[in-house]
Amino acid sequence: MDSYPYPTLADFGKDPWWLMLGKCVAIFVFLVLTVLLSMWVERRIIGRMQLRIGPNRAGPFGLLQGLADGIKLALKEDIVPSGVDKLVFWTAPVISAIPAFISFIIIPFGPTVSVFGHKTPLQGTDLPVAVLLVLAMASIGVYGIVLAGWASMSPYSLLGGLRSSAQVISYEIAMGLSFVAVFLFAGSLSTSEIVAAQHDRWFAVMLLPSFVVYVITMMGESNRIPFDLPEGEGELVGGFHTEYSSLKFAMFFLAEYINLATLSALATTLFLGGWRAPAPISTVWAGANEGWWPILWFLVKMWMFIFFFIWLRASLPRVRYDQLMKLGWKVLMPFSLGWILLVATFRALRNEGYSSTAFVIGAAVLVAIALGISVVVDMLKRDKQAKGGPGGAETEPARPGGKPDPYAGGFPVPPLDAPHYHGVVPSPATEQSATEKKEVESGIH
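According to my numbering, the sequence shown holds residues 1 to 445 in order.
Hints are supplied without guarantee of correctness; some may be wrong.
In silico DMTMM-like links for lysine to aspartate or glutamate, alpha-carbon gap of 20 angstroms or less [stated by the list, open to error]:
hint, residue 1, residue 2
1, 23, 11
2, 326, 200
3, 119, 15
4, 14, 172
5, 119, 11
6, 381, 322
Cβ-Cβ distance ranges computed for the label pairs, FRET-style [said to hold, decoys possible]:
hint, residue 1, residue 2, range
7, 76, 199, 47 to 53 angstroms
8, 295, 367, 46 to 52 angstroms
9, 379, 212, 45 to 51 angstroms
10, 17, 199, 29 to 35 angstroms
11, 183, 61, 39 to 45 angstroms
12, 366, 246, 55 to 61 angstroms
13, 338, 295, 35 to 41 angstroms
Hints are computed from structural coordinates only; laboratory data are not their basis. Glycine is no exception: its CB is placed at the ideal position from the N, C-alpha and C atoms.
Hey, can you work out the whole structure from these sequences and the hints?
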């Protein structure tokens, strides 16, 4: 164990009021500056990856572009559509933004330091269930999105809000399951104690499957490409914030980028040793984890994750909604549950004094066999569907002329090769529905 002091739960709640207020203000300013810098970094990196220049007009190298966007949004006309529920319409962005700020209060930036003679941890506060606070705030934040979609009185906004609620439920369960293995090894849900438990080895190495699951689920929680289905402009215009403008839209924008920073900071805390320096630096430099230096290591790790988010946005296309749900419910959740059982069994055998080497090897073999069987079954199922055999894809009824009937599936929107475009005789179901429509229009019914 290192010689420098680790914060414990007993160290919190003893600061004077001015120090507590200073911590809150410092975290608020840090998050606002992180949002402005994230916007600039994202535009510059994506511009370089897509062979574009990126922002270069507002300030040196375009550094003031985010500030210029904020001023523009503040001065734009605030349009409120007629017929909306104004109370809910106005409070929804606030409900979405405030939990994003609260979540960062339990993130540890460093060890215990001295501030004007008072020893205090470099952390807003800590709780026995600190990690659960982040999950709770994420659940509350989605209420703002759902209420924004419902209050806008727009089908695009409503669908975006429903998508967001389904997506957060699906991926928050898998995210919570990825934390369980960390809790088993750390023996606590406190973020400061989780960092202290990684003094000799990062949990990203010990619990690699949990780390991979968290990385996938944090993309789903952030509603960003490739999982930005709640605001897919291809089918929902702008999604839940279609009817928003000016500062209310800016608050949704702010919440998205703060969640980006919070998820990156939480990944750093739970899996990458938190504010602790990497092994080469900490072994060569004895004071790397003392004083104010740990803030530097924490920021480097956090910005590595933010760069990872930006890299994915520049590289991957948006997935389909059924693919999103299938990944969350049929892949991530069953895998996380199986991994938790393995980790719990491993810890129980280790606590009882049994050798766990044979168990780990056997578990690895079983997982490999299960994955192989699932791949083979999926390949056989796809091959059967492609051939249209029993249990496979159903063949479409044929129309006169040997062509399949595009209306046979009961789709509400006619396909491009509609009968009246190509002179093809419509099916009886289509003729019946057209006759009923004419009768309604003529006032018969």
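Evaluation of the provided hints:
1. A C-alpha spacing of about 15 angstroms is found between residue 23 and residue 11, which places the hinted pair at or below 20 angstroms, so the restraint holds.
2. Restraint check: the Cα-Cα separation between residue 326 and residue 200 comes to about 37 angstroms, which exceeds 20 angstroms; the hinted pair is violated.
3. With a CA separation close to 8 angstroms, the supplied pair residue 119 and residue 15 stays within the 20 angstroms bound.
4. A hinted pair counts as satisfied when its Cα atoms are at most 20 angstroms apart, and residue 14 with residue 172 does not qualify at roughly 33 angstroms.
5. For the hint pairing residue 119 with residue 11, the CA-to-CA distance comes to about 9 angstroms; that is within 20 angstroms, so the pair holds.
6. The suggested pairing of residue 381 with residue 322 holds, with an alpha-carbon distance near 17 angstroms, which does not exceed 20 angstroms.
7. The hinted range of 47 to 53 angstroms is satisfied by residue 76 and residue 199, whose Cβ atoms lie roughly 50 angstroms apart.
8. A hinted range of 46 to 52 angstroms is violated for the C-beta pair residue 295 and residue 367, which are about 39 angstroms apart.
9. The supplied range of 45 to 51 angstroms is broken by residue 379 and residue 212, whose beta-carbon atoms lie about 23 angstroms from each other.
10. In this structure the supplied range 29 to 35 angstroms holds for residue 17 paired with residue 199, their Cβ-Cβ distance being about 33 angstroms.
11. Here the CB-CB span from residue 183 to residue 61 is close to 43 angstroms, well matched to the stated 39 to 45 angstroms.
12. Hint check: residue 366 to residue 246, Cβ distance near 56 angstroms, so the stated range 55 to 61 angstroms holds.
13. In this structure the hint that residue 338 and residue 295 lie 35 to 41 angstroms apart at CB holds, the actual value being about 38 angstroms.
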